[in-house]
Amino acid sequence: MFGDVRLSRVPAKFSGTRAELFWRLVGGYLLMVPTLGLYRFWVTTMKRQFYWHHTSIDGDALEYTGTPVQLLIGFLIALAVFLPLYIAFFYLSTQVGTVVVVGYGVVAALFWFLFGYASYRGRDFRLSRTLWRGIRFDQKGNAWAYATRQFLWSLLVVVTAGLAYPFMSADLWRYRYTNTWYGDRQFSFTGSWRTIAGPFYRAYATVAILVGAALGVGFLTEGRALALVPLLAIILGFGGFFYYRAREASRMFSEVRLGTAGLRVEIKARALAIQFAAYSGMLLVGFIIVGLVGFLVSLVVQGQFDFSSLAGIARAGWIGVALALGGYLVSLATLGLMAEVYLDCGYWMLVARGATITGIESLTSVRAGEEDKALAGEGLADALNVGSF
Amino acid sequence: MEPVGRYYDGVVAARRFVTFALTRDATPAELVIADRDTREEIDRWPVDTLFEVTGLGDELRLGAADRPYGARLRVPAGEWSVALRDALPGLGRRSQLQRGQQRRILGGAVAALASVIAAYVFGVPLLADGVTRLVPPAWETRLGDGARLQIEGMLSNGLGFRSCQDQFAAGNIAIERFAADVMAETGSPFAPRVMVVRSPLTNAFALPGGQVYYFSGLLERTETADEFAGVLAHELGHVVHRHGMEMLIESSATGLLVGFVLGDMTNLSVAAAAGATLIDSRFSRDAEREADEFAAAAGNRLGFSPLALADLLERVAADDTMTRTLALLNTHPLTDERRAALEAVEVAPATMRPAFSAAEWQAIKSMC
Numbered sequence: 000m001f002g003d004v005r006l007s008r009v010p011a012k013f014s015g016t017r018a019e020l021f022w023r024l025v026g027g028y029l030l031m032v033p034t035l036g037l038y039r040f041w042v043t044t045m046k047r048q049f050y051w052h053h054t055s056i057d058g059d060a061l062e063y064t065g066t067p068v069q070l071l072i073g074f075l076i077a078l079a080v081f082l083p084l085y086i087a088f089f090y091l092s093t094q095v096g097t098v099v100v101v102g103y104g105v106v107a108a109l110f111w112f113l114f115g116y117a118s119y120r121g122r123d124f125r126l127s128r129t130l131w132r133g134i135r136f137d138q139k140g141n142a143w144a145y146a147t148r149q150f151l152w153s154l155l156v157v158v159t160a161g162l163a164y165p166f167m168s169a170d171l172w173r174y175r176y177t178n179t180w181y182g183d184r185q186f187s188f189t190g191s192w193r194t195i196a197g198p199f200y201r202a203y204a205t206v207a208i209l210v211g212a213a214l215g216v217g218f219l220t221e222g223r224a225l226a227l228v229p230l231l232a233i234i235l236g237f238g239g240f241f242y243y244r245a246r247e248a249s250r251m252f253s254e255v256r257l258g259t260a261g262l263r264v265e266i267k268a269r270a271l272a273i274q275f276a277a278y279s280g281m282l283l284v285g286f287i288i289v290g291l292v293g294f295l296v297s298l299v300v301q302g303q304f305d306f307s308s309l310a311g312i313a314r315a316g317w318i319g320v321a322l323a324l325g326g327y328l329v330s331l332a333t334l335g336l337m338a339e340v341y342l343d344c345g346y347w348m349l350v351a352r353g354a355t356i357t358g359i360e361s362l363t364s365v366r367a368g369e370e371d372k373a374l375a376g377e378g379l380a381d382a383l384n385v386g387s388f
Numbered sequence: 000m001e002p003v004g005r006y007y008d009g010v011v012a013a014r015r016f017v018t019f020a021l022t023r024d025a026t027p028a029e030l031v032i033a034d035r036d037t038r039e040e041i042d043r044w045p046v047d048t049l050f051e052v053t054g055l056g057d058e059l060r061l062g063a064a065d066r067p068y069g070a071r072l073r074v075p076a077g078e079w080s081v082a083l084r085d086a087l088p089g090l091g092r093r094s095q096l097q098r099g100q101q102r103r104i105l106g107g108a109v110a111a112l113a114s115v116i117a118a119y120v121f122g123v124p125l126l127a128d129g130v131t132r133l134v135p136p137a138w139e140t141r142l143g144d145g146a147r148l149q150i151e152g153m154l155s156n157g158l159g160f161r162s163c164q165d166q167f168a169a170g171n172i173a174i175e176r177f178a179a180d181v182m183a184e185t186g187s188p189f190a191p192r193v194m195v196v197r198s199p200l201t202n203a204f205a206l207p208g209g210q211v212y213y214f215s216g217l218l219e220r221t222e223t224a225d226e227f228a229g230v231l232a233h234e235l236g237h238v239v240h241r242h243g244m245e246m247l248i249e250s251s252a253t254g255l256l257v258g259f260v261l262g263d264m265t266n267l268s269v270a271a272a273a274g275a276t277l278i279d280s281r282f283s284r285d286a287e288r289e290a291d292e293f294a295a296a297a298g299n300r301l302g303f304s305p306l307a308l309a310d311l312l313e314r315v316a317a318d319d320t321m322t323r324t325l326a327l328l329n330t331h332p333l334t335d336e337r338r339a340a341l342e343a344v345e346v347a348p349a350t351m352r353p354a355f356s357a358a359e360w361q362a363i364k365s366m367c
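These protein sequences, in sequence, are chains A and B.
Start counting the first sequence at 0; every next residue gets the next number (numbering that gives the first Met the number 0).
Start counting the second sequence at 0; every next residue gets the next number (numbering that gives the first Met the number 0).
One or more hints might be untrue.
Stated by the list, open to error - A short, non-exhaustive set of chain A residues, derived as facing chain B with CB atoms under 8 angstroms:
#1 V32
#2 L35
#3 G36
#4 Y38
#5 H53
#6 D59
#7 A60
#8 E62
#9 P67
#10 P83
#11 Y85
#12 T129
#13 L130
#14 I134
#15 S153
#16 R366
Derived by calculation from the structure, the hints in this document are not laboratory data.
Positions of the beta carbon are idealized from the N, C-alpha and C atoms, including for glycine.
Bound-form chain A, shown alone (with noise of 0.2 angstroms):
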């Protein structure tokens, strides 16, 4: 018998393809500018909706419940949490000297409060209307505690120079994942600072040993041999970058437990890198395809105008303004469209392909929680574009 529960091993599996999202997100930015921005709740939702209903676990795929009527109100909310923040910001952009640095300064550090508890927030609305098996999940816990959590340790991490950076990662997960609900049964994180340790001080020595080295190097040859050391930082810093992210969602992922079920997760490195050549290298593209759209354009229009006359210049500084907005926007859209569908969309990719459950008959006994009403959207964490799915 016990040896059975060690043997079922379900992974998770991931149906969606990059083209399908491209082409659903094209029309929602399109519709994005007659509805001037707003049609982004929508947007968001229809991407939640991809995703969610692209994932299955022992066949049976996750749903998203959530409207973008309630993304929008939580983003109006949100508005009111920002007015006297973006007010304290106009006073001090009028002010000159120490108050300015110390007020930039309570700001930020306002801000980045703000960040944790938005963000806790806006897991609690994803996880509350996230439904597998007709069951949902849910976030307890105080987002408050959470940002106070998160603020402090972060201040830690920059004092001890980074160092105690696995003790709060740690703490944050577990933090997050013990109170995380499937209907009535608890989550648990059995994970600790050790967990990623080896991978993070690894990382970080070799980061620490090149920066050294670098030094060592320029000092020694007086600066000739400087050339090369950006070019080897940048390899060995992006290489040390993937390992670690990789290492890191990999083990932290594999702690998380559902009573008696486990999960385990495994992403390469490699592939990590590829994901992110693939997007600098389809970033690129697309750049040189709105550059090209542009320059026709603009010669297209160019041979349309005077510039002799001042009412030529005038004409053509206002059509200048419309292109160039409209190749803003189209600059923008293109950078969102890569990132979304290279980045993201490849990590959850990763994470849903890379990832096996174990034990899943033990969740056959779960059942329904209690509702959980107490959210209006995300609020804060739309209004703080706190990137996430």
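Assemble chain B onto chain A, guided by the hints.
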């Protein structure tokens, strides 16, 4: 082939493969759900309580209003999902209604946002004007000092501006006299401080609190005393109308609005800043018009020709594009409309006299 779907009761996290059928025994009709293998009946959902939730492609996902929140029947895309949809016309109507409602909310929100933008575009100059009146002049002067440090650092690579001559030189005394004449009777709380600085840029600008800069690059291109007087009066017009302060208030409001549209209230992204700059340029035109009117009125009062201002702008405009991008024209776009407005100000020929005496103008012209 019988219809098969996945069923979740919303109470326990279990999946059951079920078969289903519509029965018209009851009123309203019911969707009977039974276990696929044991044939045991699980539940009956009255069709008027059914609603569709978004599924994957043509897959049909049903919920029932009076059942637990997560109760679902999922019918994979295929003949049965099509057949069931056809058999439940109320379903289509309900989701259509829902879509209509969503569209109305979106439409309402867009209309509201559009009216906010319209109110903003027409109302913010008034608002900024009103708010500016409330700002104490001392505050604005301090703001101007801060802005000066920033702009100086930006335009002179952190070296600071170098004034062409000290304040007791003949040229500066003449400028001071002229500035005082222009500002007299305006009731402005600011004391004008004009400085001619060494810089290749063909530009002149005013800062909040009464500071005005005239670059030597522009002075070289200035041919007559009236042109110089016109530009100076125009910049002093910005000071009197407190355009710097208004602009700050306007651009903050614009940032807020652009942040709202783009969804990034922190406004930290370059994107939002770039968007805001594009909108701001609209307001600067109004400010230019007001400053022109001020210069024209000053010309009328003191007897110099305000049209000279347009002559100078036109001369700078004729330069090649490279210099233009950094020049006067960029911050003071010249339009036919502007020139016409300046031409409309009549100066009685009898009172016409140069803004500076020949000796004064000579002193100014040779300052740098």
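Hints numbered earlier in the text: which of these fail when held up against the supplied structure? 1, 10, 12 and 15
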